[in-house]
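The whole structure should be built from the sequences, with the hints applied where relevant.
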Amino acid sequence: MNAFDLRARYGGFSLEAAASWDAPAAALFGASGSGKTTILEALAGLRPEVAGAVQLRGRRLDDRPARERRVGWVPQDASLFPHLTVRQNLEFAATARPGAPRGIDDATEALELGPLLDRRASALSGGERQRAALARALASRPDFLLLDEPLASIDRPLRVRVLPFLQAIPACLGIPFLLVSHDPLEVQALATHAIVLERGRVVASGSPRSLFPSAALFGSLDALQAENVFEVAVVDTHPGGLRVRTPAGLELEMAALAGFPAPRRVAVRAEEVLLATRPPEGLSAQNVLAGVLEALEPHEGQVLARVRSGGERWTARVTARAAERLGLAPGGPVYLVIKAHAILPAA
Amino acid sequence: MSAADLAGITLLTLRVGLVATLLILVPGVATGWVLARARFPGLSLVRATILLPMVLPPVAVGLFLLELLARSFPVGAALQRLLGEPVLLTWWAAVIASAVMSFPLLVLGAEQGFAAVPRRLEQVAATLGASRARIFLRVTLPLAARAILYGLVFAFARGLGEFGATTLVAGRIPGKTETLALAIYGRIEEFRDRDAALLSLISVLLAFSITALAETCLRGRRR
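Protein chains in written order, with my numbering: chain U, 890 to 1236; chain A, 575 to 797.
The set of hints was computed from the structure by calculation and includes no laboratory data. Any given hint might turn out to be false.
What the hints assert, rightly or not - Examples of chain U residues lying across from chain A (beta carbon under 7 Å, computed):
hint, residue
1, A933
2, R956
3, W962
4, H972
5, A982
6, L1013
7, R1045
8, V1177
Claimed, not checked - The following residues of chain A were derived to be distant from chain U, with all beta-carbon distances above 12 Å:
hint, residue
9, A581
10, L695
11, E696
12, Q697
13, P748
14, L779
To be verified - Stretches of chain U that chain A covers, calculated by requiring three or more beta carbons in the stretch to come under 8 Å of a beta carbon on chain A:
hint, region
15, 964–971
16, 1024–1031
All of these numbers come straight from a predicted model, not from anything done at the bench. Beta carbons are placed, not taken as given, at the ideal position from N, Cα and C, and that holds for glycine.
Dropping the structure here:
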């Protein structure tokens, strides 16, 4: 059981936020300035000006200093110790608490830090720093992880590899996490419970799937309907790829991620879905799905095409010009074209 | 002036400078940390007091020290019990004068060094479970080390050249309290300009070697 009930007032901003959750993978979601980072840091014990109660994994923490909370905090800027190498950063964490030091090998391998171990933290790129900071937090044997925008500075190709690692942390390492994010897709991909913040207040909480498609809470949430997230089960694996099936029976071909667990959900960005009005041939794309165009919605100068295919609803984002040239009309047949690499694993 | 005299004066100067620097090392770094990190009413007054020797005429500081170190004063009396002789007019008096005059330089260096260490790094270290001592020794101090070393070098150099306060509390006793600065002044008074020039040259060489050594060390530490 995790819960917080926090209050603070400073510089015209007032925080009055309470939430409780059990999910091992949870997210604080909100726009910048909504107070999510403040809450995360208060949970870590770093905000003395924030008053209130904090409980993580059933342990009451608000009366303990940061040092005794056993939370692994990964700030957005990573905050690696710049005078130490990556290895020394990890060793600092592994030996900071009395007790048997945890090996730093697991996290090093999974986060692909091997070649970076002897580099100074100040010589790393943004994404490398973020991964090293996560490994450092894990090396301190935390009971709970607090991740501030964990994927923000990691570029897309690597994100696809780091994402499954983050997803696997609660199940494989037994460490629940609470992450802060302003990216709905990131929340959907990583968390099974989301706490939605607006100007220092909790305005909603629940499963990201229940919150985001329906919620009219935020203007920004309109965009969320554009994203495609499906529960899946793996039906076949083969070198380099795997085949997954949605509950409605739709089968998708996706690229395999060596060494990572099979995904239970997958996500496809709306702009990664191509539309065709005739059956396309001779394509390298592994997924060509016949469907029916249900609706066309103008969105930020572009068009969102709602398509039903294989018992699932899809959203594709195309330019207004492309929609016009294709002569897209609701009720007509369309084909969805999705590359195997565009299907990302989600929590 | 014999080579032995020259060597004696130089060695005494170095000894006074080194001992004075060692004496202020821990209190200077600690004071710098307090000035950088502590927030309490009257902080600026404390800072102004600590920096006073830098802006006062050294002779005025010497006068103050003369009173403080006199046998009739508790500080002077305590030091006399410690050393077994009155502290005024000994090389210890020169050490104290050097230490007092160079203390603010070390404090300033350390303060700037500590102020430049991001609090966030110390916070991260705390969440990792590190004790305060470990955070200070493994994170804060190494990151402030460059600035502290600079402060230390300037303090040492300042101590070597100390004249105004030293001359009042240590006098100018050849072989006992006569450091380079005092010896140069003395030779000029006695119209021994060649000797004064020679001693000045040694001062220049000392200053050069200290600066060069510091630059080498600090460059090695540069990230």
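Hints breached by this structure
Result: hints 6, 7, 8, 10, 11 and 12 break, sorted rising.
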